[in-house]
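2 protein chains.
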Amino acid sequence: MLLFFATNHEHAGLLFALFAILVTAKIMAEVFERMNQPAVVGEILAGVIIGPSVLGIVQPSEIIDVFAEIGVIFLLFNVGLDVKPKSILSVGSKAVMVGVLGIFVPFVAGYWVAWLWGGSSIEAMFIGAALVATSVGITARVLGSLGLLNESTSRVILGAAVIDDILGLMILSVVSSVSQGSINYYAIIGTVITAVIFVIVVGAVGAKIFNWLAPAIRNLKISSPFFKFGLILCLGLSFVALYIEVAAIIGAFLAGMALSEATEDNPKMRQLSHGVMEFTVPFFLVYIGMQLDITLFADLEVITYALVITGVAIVSKMLGCGIGAINMGFKNAARVGIGMVPRGEVGIVVAQIGLGLAAINDREFAAVLFMAVATTLIAPPFIKLLAPKRRPPEDDIHISDVVTRIG
Amino acid sequence: MLLFFATNHEHAGLLFALFAILVTAKIMAEVFERMNQPAVVGEILAGVIIGPSVLGIVQPSEIIDVFAEIGVIFLLFNVGLDVKPKSILSVGSKAVMVGVLGIFVPFVAGYWVAWLWGGSSIEAMFIGAALVATSVGITARVLGSLGLLNESTSRVILGAAVIDDILGLMILSVVSSVSQGSINYYAIIGTVITAVIFVIVVGAVGAKIFNWLAPAIRNLKISSPFFKFGLILCLGLSFVALYIEVAAIIGAFLAGMALSEATEDNPKMRQLSHGVMEFTVPFFLVYIGMQLDITLFADLEVITYALVITGVAIVSKMLGCGIGAINMGFKNAARVGIGMVPRGEVGIVVAQIGLGLAAINDREFAAVLFMAVATTLIAPPFIKLLAPKRRPPEDDIHISDVVTRIG
Numbered sequence: 163m164l165l166f167f168a169t170n171h172e173h174a175g176l177l178f179a180l181f182a183i184l185v186t187a188k189i190m191a192e193v194f195e196r197m198n199q200p201a202v203v204g205e206i207l208a209g210v211i212i213g214p215s216v217l218g219i220v221q222p223s224e225i226i227d228v229f230a231e232i233g234v235i236f237l238l239f240n241v242g243l244d245v246k247p248k249s250i251l252s253v254g255s256k257a258v259m260v261g262v263l264g265i266f267v268p269f270v271a272g273y274w275v276a277w278l279w280g281g282s283s284i285e286a287m288f289i290g291a292a293l294v295a296t297s298v299g300i301t302a303r304v305l306g307s308l309g310l311l312n313e314s315t316s317r318v319i320l321g322a323a324v325i326d327d328i329l330g331l332m333i334l335s336v337v338s339s340v341s342q343g344s345i346n347y348y349a350i351i352g353t354v355i356t357a358v359i360f361v362i363v364v365g366a367v368g369a370k371i372f373n374w375l376a377p378a379i380r381n382l383k384i385s386s387p388f389f390k391f392g393l394i395l396c397l398g399l400s401f402v403a404l405y406i407e408v409a410a411i412i413g414a415f416l417a418g419m420a421l422s423e424a425t426e427d428n429p430k431m432r433q434l435s436h437g438v439m440e441f442t443v444p445f446f447l448v449y450i451g452m453q454l455d456i457t458l459f460a461d462l463e464v465i466t467y468a469l470v471i472t473g474v475a476i477v478s479k480m481l482g483c484g485i486g487a488i489n490m491g492f493k494n495a496a497r498v499g500i501g502m503v504p505r506g507e508v509g510i511v512v513a514q515i516g517l518g519l520a521a522i523n524d525r526e527f528a529a530v531l532f533m534a535v536a537t538t539l540i541a542p543p544f545i546k547l548l549a550p551k552r553r554p555p556e557d558d559i560h561i562s563d564v565v566t567r568i569g
Numbered sequence: 163m164l165l166f167f168a169t170n171h172e173h174a175g176l177l178f179a180l181f182a183i184l185v186t187a188k189i190m191a192e193v194f195e196r197m198n199q200p201a202v203v204g205e206i207l208a209g210v211i212i213g214p215s216v217l218g219i220v221q222p223s224e225i226i227d228v229f230a231e232i233g234v235i236f237l238l239f240n241v242g243l244d245v246k247p248k249s250i251l252s253v254g255s256k257a258v259m260v261g262v263l264g265i266f267v268p269f270v271a272g273y274w275v276a277w278l279w280g281g282s283s284i285e286a287m288f289i290g291a292a293l294v295a296t297s298v299g300i301t302a303r304v305l306g307s308l309g310l311l312n313e314s315t316s317r318v319i320l321g322a323a324v325i326d327d328i329l330g331l332m333i334l335s336v337v338s339s340v341s342q343g344s345i346n347y348y349a350i351i352g353t354v355i356t357a358v359i360f361v362i363v364v365g366a367v368g369a370k371i372f373n374w375l376a377p378a379i380r381n382l383k384i385s386s387p388f389f390k391f392g393l394i395l396c397l398g399l400s401f402v403a404l405y406i407e408v409a410a411i412i413g414a415f416l417a418g419m420a421l422s423e424a425t426e427d428n429p430k431m432r433q434l435s436h437g438v439m440e441f442t443v444p445f446f447l448v449y450i451g452m453q454l455d456i457t458l459f460a461d462l463e464v465i466t467y468a469l470v471i472t473g474v475a476i477v478s479k480m481l482g483c484g485i486g487a488i489n490m491g492f493k494n495a496a497r498v499g500i501g502m503v504p505r506g507e508v509g510i511v512v513a514q515i516g517l518g519l520a521a522i523n524d525r526e527f528a529a530v531l532f533m534a535v536a537t538t539l540i541a542p543p544f545i546k547l548l549a550p551k552r553r554p555p556e557d558d559i560h561i562s563d564v565v566t567r568i569g
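Going down the list, the sequences are from chains A and B.
Under my numbering, the first residue of the first sequence is numbered 163, with each subsequent residue one higher.
Under my numbering, the first residue of the second sequence is numbered 163, with each subsequent residue one higher.
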């Protein structure tokens, strides 16, 4: 408790950083709302502006990283609260098609382009892997802000994004092993099987267990028992997911989904959850923007490579996912395709690991980072453009309203 | 963003720690509620149980410390939301009396006892300083849980606790300087004047400025604009307070108070704020419990010294504050006196700094820590016992309801 009482300038600095991130994010969100653009884009750009690239007011640090992680965890938890297990099961086969093709096409295209550009096969594998996984966090935020979470295309997107997050992590571990010259197929197969069992079991029986527990939770003497149980389940399943080598956000999403039926008529629980989300999500968005070091783009070759990779990332994802969803009709397939474009944090993770393993160089790193941020910035306006035209529900407690309003 | 995606066992550990803290805190809160005792005591004991002393499931770390700080900051912000500036001004002179006498008596008593026990004058000064400052966080939580925040005695306690937090920090800096053999009176006087001006100016005009800004905030296009403005003001004033060498929590309290009038009819803003508080406060309470290393108490002399210091801390604070409040009547004076007893985190800070400066030894450190935790554990049941008997307001959005219900 020493930090914030004693005059510790390092920690006064942390408090200032949290303040600066929130105020910049909200100013940029307001600017983008007034331009009739998604607030999420403004908040990511806020990160570029206050981060090391431009003003350098805030430097990335472990604590801001943790806040960003908690932010994306609670974002996915709140998304889960608005998604009933049945609604995902009903689009299950479509989501699997979209997820798998949305992995396969970008990986192959990324590998091929990087190889043609003169990369080694290791480099090409990392570029391919970085193009794979959709940022379910960004996509969910945009869909939520448009009040579209319950559209069938949105449910396909969320289901497919969960699937491709899992597969993306598997590909990353395979690629990492190969780049180190060793590969343990048994370990990888074991991890895949564990992950699939976790998602299916928690997704299928989580809500049933919770519905059965609900009367006991209602009788607890602590205040807001459903909210507290939700917090605990969210952190607990995030930990379990991470522990079995699945992304923490998958656990958080499943926790929200498990509670979605029993807390449907509990606006207080949902508003308390939204408070935590609204406080922490800006750190996640700003953190993504902070990762982009714009000084690396003084080099024309880096710019060209970055633009090519970004183009490949957009086209390959739209193609892969669009083909996977083609039996929903062309317009819906286009919605699914564009909804899957943002790479966000997962592409950045792949790039960081590749750089750490010396499998890619810092120019390739910059190009992948550019791709991750650019796909995240480009997609939301198109998602909005292609969205069915209607106002978000007036209901105060749904994510669609709390996340951000549209004009 | 590397942490929670890649398999980083250190950070899986952090997520587990957050989970373990919340689940243990809430189980203990439920147990204490069922025994008709304040939940806050249960949550502090949860920290003793899972901390290094007993089970060792969770170790204190910088990140948990930051969560604890954010927790106490949002606790004080929410307390401020329920306290209108006028209501504090109306008890201003009483609060000053209680605050000043509540500093003077414990300091002198602590110094005297430590000196009689054979301590040097430096040691005695640190023991005296550790007895000075009331934990406004603990007291506010208990008063809030009893629905008493708007009682006149509660307003005196909150005002006096703010005053004595400020004076306590001044005494700590004087004592630290003296123990290092140097003392800069000009710097100390400058700090005191800055602090007093900050509290008076923000306290007096903060609400007026905010009431004037409210229509503009209402017209913002971002969702929940009052909540977001509140978050920013809370973190901003906490930072300013810390920067001018006042505790961050004082800034958070003033931020909440500035918003109290304009957000009175805004249940959504308040519930979103409560969400953040409910998520973060358990980390603050558990963190306090984790500081207590019970193995140091194998030594009978340490136990005796700890019990003596604790007795002196309780009696001197009740006497000092009770005398300060005696013109409110004996019963109210007793309420104010017992309400000021918990030392919590401030006593722990003094002890840590004293140990760091080699001004006190580890046995004295253990005794002060015991005093800080024991006064925090002992006071709440008595605060509850002496409280005017009535049910907390049914209103869903006040701190009294969200914090914890009483049976």
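Calculated directly from the structure, the hints in this document are not laboratory data.
Glycine is no exception: its CB is placed at the ideal position from the N, C-alpha and C atoms.
Be a bit skeptical, because a hint or two may be false.
As the list claims (entries may be wrong) - Computed list of chain B residues with no C-beta within reach of chain A, every gap over 10 Å: (1) 228; (2) 382; (3) 493.
Unchecked claim - List of simulated lysine to any residue pairs, SDA-like, C-alpha gap at most 20 Å: (4) A:546 with A:458; (5) A:383 with B:193; (6) B:546 with A:385.
Comparing the hints with the structure gives:
1. 228: Incorrect as stated: the minimum Cβ-Cβ distance to chain A is 6 Å, not above 10 Å.
2. 382: violated, 6 Å
3. 493: holds, 28 Å
4. A:546 with A:458: Cα-Cα ~31 Å, so violated.
5. A:383 with B:193: This hinted pair holds, its Cα atoms lying about 9 Å apart.
6. B:546 with A:385: holds, 18 Å
Violation of the numbered hints given earlier is confined to hints 1, 2 and 4; the remaining hints are satisfied by the structure.
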